[in-house]
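Construct the entire structure; sequences and hints are all you get.
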Amino acid sequence: MLNGILLVNAGEQLALGNMLFVLLTFVVLLFFIGKFAWKPITKMMQDRADKIANDLDSAESNKNEAAELVSKRNAELQATQAEATTIINNAKDTASKRSDDIIAQARDNASSMKVKANAEIAQERSEAMADVKNEVADLSVSIAQKIIQKELKLDDQKALIDAYIGELEAK
Amino acid sequence: MSFLDEKSATFQLLGLTFDWSIVISTVIAALIVFLLVFVLSRNLTMKPGKKQNVLEAIVDFTDGIVDSSLPSSIGNELKLTAFTLFLFIFVSNEMGLAVQVAFGDVTYVKSPTTNPIVTMGLALLVVGLANFVGVSKLGFKGYFKTTFMSPMAFLLPINIFEQFTNYLTLALRLYGNIMAGEMLLTLITNWGNPSHLGLTIVPAFFLSMLWQAFSLFIGAIQAFIFVTLMSIYTSEHAVAE
Numbered sequence: 287m288l289n290g291i292l293l294v295n296a297g298e299q300l301a302l303g304n305m306l307f308v309l310l311t312f313v314v315l316l317f318f319i320g321k322f323a324w325k326p327i328t329k330m331m332q333d334r335a336d337k338i339a340n341d342l343d344s345a346e347s348n349k350n351e352a353a354e355l356v357s358k359r360n361a362e363l364q365a366t367q368a369e370a371t372t373i374i375n376n377a378k379d380t381a382s383k384r385s386d387d388i389i390a391q392a393r394d395n396a397s398s399m400k401v402k403a404n405a406e407i408a409q410e411r412s413e414a415m416a417d418v419k420n421e422v423a424d425l426s427v428s429i430a431q432k433i434i435q436k437e438l439k440l441d442d443q444k445a446l447i448d449a450y451i452g453e454l455e456a457k
Numbered sequence: 084m085s086f087l088d089e090k091s092a093t094f095q096l097l098g099l100t101f102d103w104s105i106v107i108s109t110v111i112a113a114l115i116v117f118l119l120v121f122v123l124s125r126n127l128t129m130k131p132g133k134k135q136n137v138l139e140a141i142v143d144f145t146d147g148i149v150d151s152s153l154p155s156s157i158g159n160e161l162k163l164t165a166f167t168l169f170l171f172i173f174v175s176n177e178m179g180l181a182v183q184v185a186f187g188d189v190t191y192v193k194s195p196t197t198n199p200i201v202t203m204g205l206a207l208l209v210v211g212l213a214n215f216v217g218v219s220k221l222g223f224k225g226y227f228k229t230t231f232m233s234p235m236a237f238l239l240p241i242n243i244f245e246q247f248t249n250y251l252t253l254a255l256r257l258y259g260n261i262m263a264g265e266m267l268l269t270l271i272t273n274w275g276n277p278s279h280l281g282l283t284i285v286p287a288f289f290l291s292m293l294w295q296a297f298s299l300f301i302g303a304i305q306a307f308i309f310v311t312l313m314s315i316y317t318s319e320h321a322v323a324e
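These protein sequence lines map, in sequence, to chains A and B. If you read the first sequence in the working numbering, its first letter stands for residue 287, the second for the next number, and so on. If you read the second sequence in the working numbering, its first letter stands for residue 84, the second for the next number, and so on.
Watch out, some of these pointers could steer you wrong.
Said to hold, decoys possible - Here are some chain A residues pointing at chain B (derived, C-beta under 8 Å):
#1 305
#2 316
#3 320
#4 322
#5 324
#6 334
#7 450
#8 456
Unchecked claim - Derived CB-CB ranges, DEER-like:
#9 155/B - 314/A: 22 to 30 Å
#10 160/B - 359/A: 49 to 57 Å
#11 256/B - 344/A: 48 to 56 Å
#12 314/A - 160/B: 13 to 21 Å
Claimed, not checked - With a straight-line cut-off of 20 Å between C-alpha atoms, the simulated PhoX-like cross-links for lysine-lysine are:
#13 325/A - 337/A
#14 329/A - 224/B
#15 130/B - 325/A
Derived from the structure by calculation, the hints contain no laboratory data. Ideal Cβ placement from N, Cα and C applies to all residues, glycine included.
Here it is, written out as structure tokens:
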């Protein structure tokens, strides 16, 4: 045991051989674990760390992009609203203008029709007056004829005038 | 069970003497570690499954030990060694709790770390590695100054002596803890043997259960301490102050 601890008794060499064997076993184990397990697992862990870092970066940039899109869309929305308001206002203006036009035109039409109607009435009245004048003239002529044709007594004359008035009324 | 007066079976090869129980136990421990890691590291994916999570947790754990005392420029090269050393010592510590195989007087399969020669081999590896990394990182002059002349030059003899105490304490701490644990387990088992003392088997059963649990804990702690000291010694040699 003491030999083993102090490595002095080279004659027996129990310690040296066993120690070398343990070291050799460990180094071989180290080699195989390094080859079959350590390299792939550390590579995988590194890859994962890289992937997470990349994902974080891309998430950040995506977020910025999304915020940009939102502000852009808001601006567009406001512009569209303003445009819609102008269109509606324009339409209102046009409509009121057009209604004014229509009303004015209707008023013109009505007044011109009135003027025309008045003129027609006046003409018809003058025509009627002319007719009446002719009638009266004819009547006077025929009364005069009848007076001249017959020498009438007062009664006869009265009867004659009554007959003519009756004739006129009948007309 | 490794008592100090235990008999051993040896064989000769290339003029060196080998102990059968050390050879067999060490190889079995190494095989267990390799198979464990090999099985856990199959089908690695970006999104880890159960097995991969276990393996990555162990890797993170040993990486953390190294990172806590070494800058990554030095530590990254030691992480594989720390990982392997941790698992190897852990399995070596716990192996004898589960299985011991004896023929006649000789125990062929047991915890390799119940033998001081095995722990000294591992301690030699660690101390040698620490010094080697020191020389390769700082050059021999810087290494010598950092290791032996710090914090003051006149501490040189103490620092040289410290290298040997580092080596011996590292080896004997591991050996003492594991050997004592298994020795006490054997004593408890013998105490509970019905042919000796009658009905002591009942308390002995519970006592040995408790002690096995404690030994499992001690084995894990010792593996952790061994790897921690490896990175601390390396930082003493390789990080200029």
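Quick rundown of the hints versus the structure:
no.: 1; hint: 305; result: 4 Å, holds
no.: 2; hint: 316; result: 5 Å, holds
no.: 3; hint: 320; result: 5 Å, holds
no.: 4; hint: 322; result: 6 Å, holds
no.: 5; hint: 324; result: 5 Å, holds
no.: 6; hint: 334; result: 6 Å, holds
no.: 7; hint: 450; result: 132 Å, violated
no.: 8; hint: 456; result: 125 Å, violated
no.: 9; hint: 155/B - 314/A: 22 to 30 Å; result: 27 Å, holds
no.: 10; hint: 160/B - 359/A: 49 to 57 Å; result: 54 Å, holds
no.: 11; hint: 256/B - 344/A: 48 to 56 Å; result: 50 Å, holds
no.: 12; hint: 314/A - 160/B: 13 to 21 Å; result: 19 Å, holds
no.: 13; hint: 325/A - 337/A; result: 18 Å, holds
no.: 14; hint: 329/A - 224/B; result: 36 Å, violated
no.: 15; hint: 130/B - 325/A; result: 17 Å, holds
Of the numbered hints listed earlier, those contradicted by the structure are 7, 8, 14.
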